[in-house]
Amino acid sequence: MTTTTTTPDVAAHAAVDHATGAGYVTAALQSAKRTVLQFFRTPQLLMLGTIQGALFLFMFRYIFGGAIHPGEGLDYVDFLVPGFLVTGILWLGMSAASGVAEDAATGVHDRLRSLPIPRSSVMLGRSLADAALTLWGLFIAAVLAFIVGFRLHADVAEVALALVLLLFAVYSFMWVFITIGLTSGSAQAAQGTATLLIVPLAFVSAAYVPADTLPGWMQPVADNQPFTIVSNAVRSLTLGGADAVGLGHSTAYWVALSLVWCVAILAVFGTISVSRFARRG
Amino acid sequence: MTAIIEAKGLTKGFGDVQALDGLDLVAQSGQVTALLGPNGAGKTTFVRAVATLLRPDSGEIYVAGVDACAEPKRVREIIGLAGQFASVEPAMTGTENLRMVARLFGLSRRGARTSAADVLERLGLADAGDRLVRTYSGGTRRRLDLGASLVGRPQLLLLDEPTAGLDPRGRVDLWDAIRRLVADGTDVLLTTQYLEEADQLARHVVIIDHGRAIAAGTPDELKNRAGTNVIEVRPRVGGDLAAVEAALGTIGCETPHTDMDTQRVSARVEGGADQLRDIVRLLDERGIEADDVGLRRPSLDEVFLAVTGKPLEPTGSDSDHQAESADAA
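Chains Y and S supply the protein sequences, listed in that same order.
If you're matching positions, the first sequence starts at 1 in the numbering used here and goes up one per residue.
If you're matching positions, the second sequence starts at 1001 in the numbering used here and goes up one per residue.
Where hints are given, some of them may not hold.
Have a look at the derived ranges for each label pair, beta carbon to beta carbon [claimed, not checked]:
#, chain 1, residue 1, chain 2, residue 2, range
1, S, Thr1262, Y, Gly23, 58 to 64 angstroms
2, Y, Pro200, S, Gly1015, 29 to 35 angstroms
3, S, Arg1180, Y, Gly23, 30 to 36 angstroms
Rather than coming from a laboratory, the hints here were simulated on the basis of the structure.
Don't be surprised by glycine CBs; every beta carbon is placed ideally from N, CA and C.
Taking the hints into account, I'd like the entire structure generated from these sequences.
Below you can see the structure in the form of structure tokens.
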């Protein structure tokens, strides 16, 4: 009798003693799954982001839009939507910062760091999940944009390239928010820091208004910051070329410069996040 | 017996706070070791060092013979950690949480399913497994968190203040769960500020203060170090308290202490049974009626006082709290 009850237990012990931790892919996917479930099972998060995005879009389209003139032959709604989607990365992605800070503060990171898994896989999973959630938000915003009158003026290849660029920009910038989350100490602090970053990046740019309508001293900043450049690239790609949107450089110029920015942001903030998470204090 | 944890001369500073200051500690396999100390004593820092979450400034730690500083990954294969917070995901069910951690431990999908179900069963959470954790009570969450540290079947379980913030019922439930684990052969290191908890669960207690181990032994050995037993008398009539104090004063080896809240007079005595007989006779001669006359071993509270010269509870001045939050950083 004794043998029959203890044998399976011993076998289970032995089987697990050889389990030496999940591989990279499993660990990243499990980490990503958690973040995605957290989002889709928290109706407030799901609804709030959507409603905020819609309000913002309607506000610019119908309230400020009448006063903004993007240039000859260009409807404001067409000018607005590419910039709106690109800066949407900021508004939607900021929840990654507070989410990461929350995980750090509530012991989730300690638990994960005590497991026999490659530590960088946790942050990789996080970045994939947050990028997916941001893309989900952008998808809803894009649907709303078509409803309020946005139309594409480009061929399929250009639109596809615009989407790929947007995707890459989303993914790169998630690492900025992850870095903020890892260095903030609390969800509130992360939210505050993220907001301080987001407001100037979104508004001191050519995302919502043509940059040449900004005060002179602001223009050098607005012209050269990544959200202007990616907005211009997406605009050129979706509205029929840089000339059609009154930009001084070619579409290729804006796309190439956007890629440089994204690669640089990804390299810098990816490295900071991963090493910060893996560090033993 | 082999040592599951062996720490030598550990130091760790956070700015001005020296959280570990030459800590030496040996925890044997096959028993529960409790780290007992006030807030800011360095308990959490020590657990984090064992869990490979932080690297000590100097000193050595071996976990089951593996050097935690040199081979952290191998140590992570051996340990399960339940920190001060229930770090389970509220938006997932109990089962989902456990399966996730089991998968991270490297179990197959099937192995994770089995292990999660097994752990839920053992912790008495089988019924709660399909509910989202956000619907759980605080105590149930802590039990699930304990479960999450168990699904990988660790050799050593690290529990940092496992019952902090729980109501008495939740605390007793968690104690039962921990006892069952030990019976299954898992080694446990737990930290606590509660003497009762150390007394209830641990066979080996290490008292730490200011980042150093200042006493170690079984609860009984530590009580012997406090030296003396205590006689406690509760008179039937409150007005007799002074008379009891006078009577006990002739027998005890120190001035008796009267606790007005519990209406008890107590005094430490050399010896025990003889003095107990003496006080009963003395009370009888003087016509004092007593509800309760008892001889008890010193509490760990008194041990802490005897070893450090200061009481363990009430816990924490402000500066202690700051030290503990530096611990957590």
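Tested hints:
1. About 59 angstroms separates the C-beta atoms of S:Thr1262 and Y:Gly23, a value consistent with the hinted range of 58 to 64 angstroms.
2. Take Y:Pro200 and S:Gly1015: their Cβ atoms lie about 32 angstroms apart, and the range 29 to 35 angstroms holds.
3. Hint check: S:Arg1180 to Y:Gly23, Cβ distance near 32 angstroms, so the stated range 30 to 36 angstroms holds.
Of the hints listed earlier, there is not a single one the structure fails to meet.
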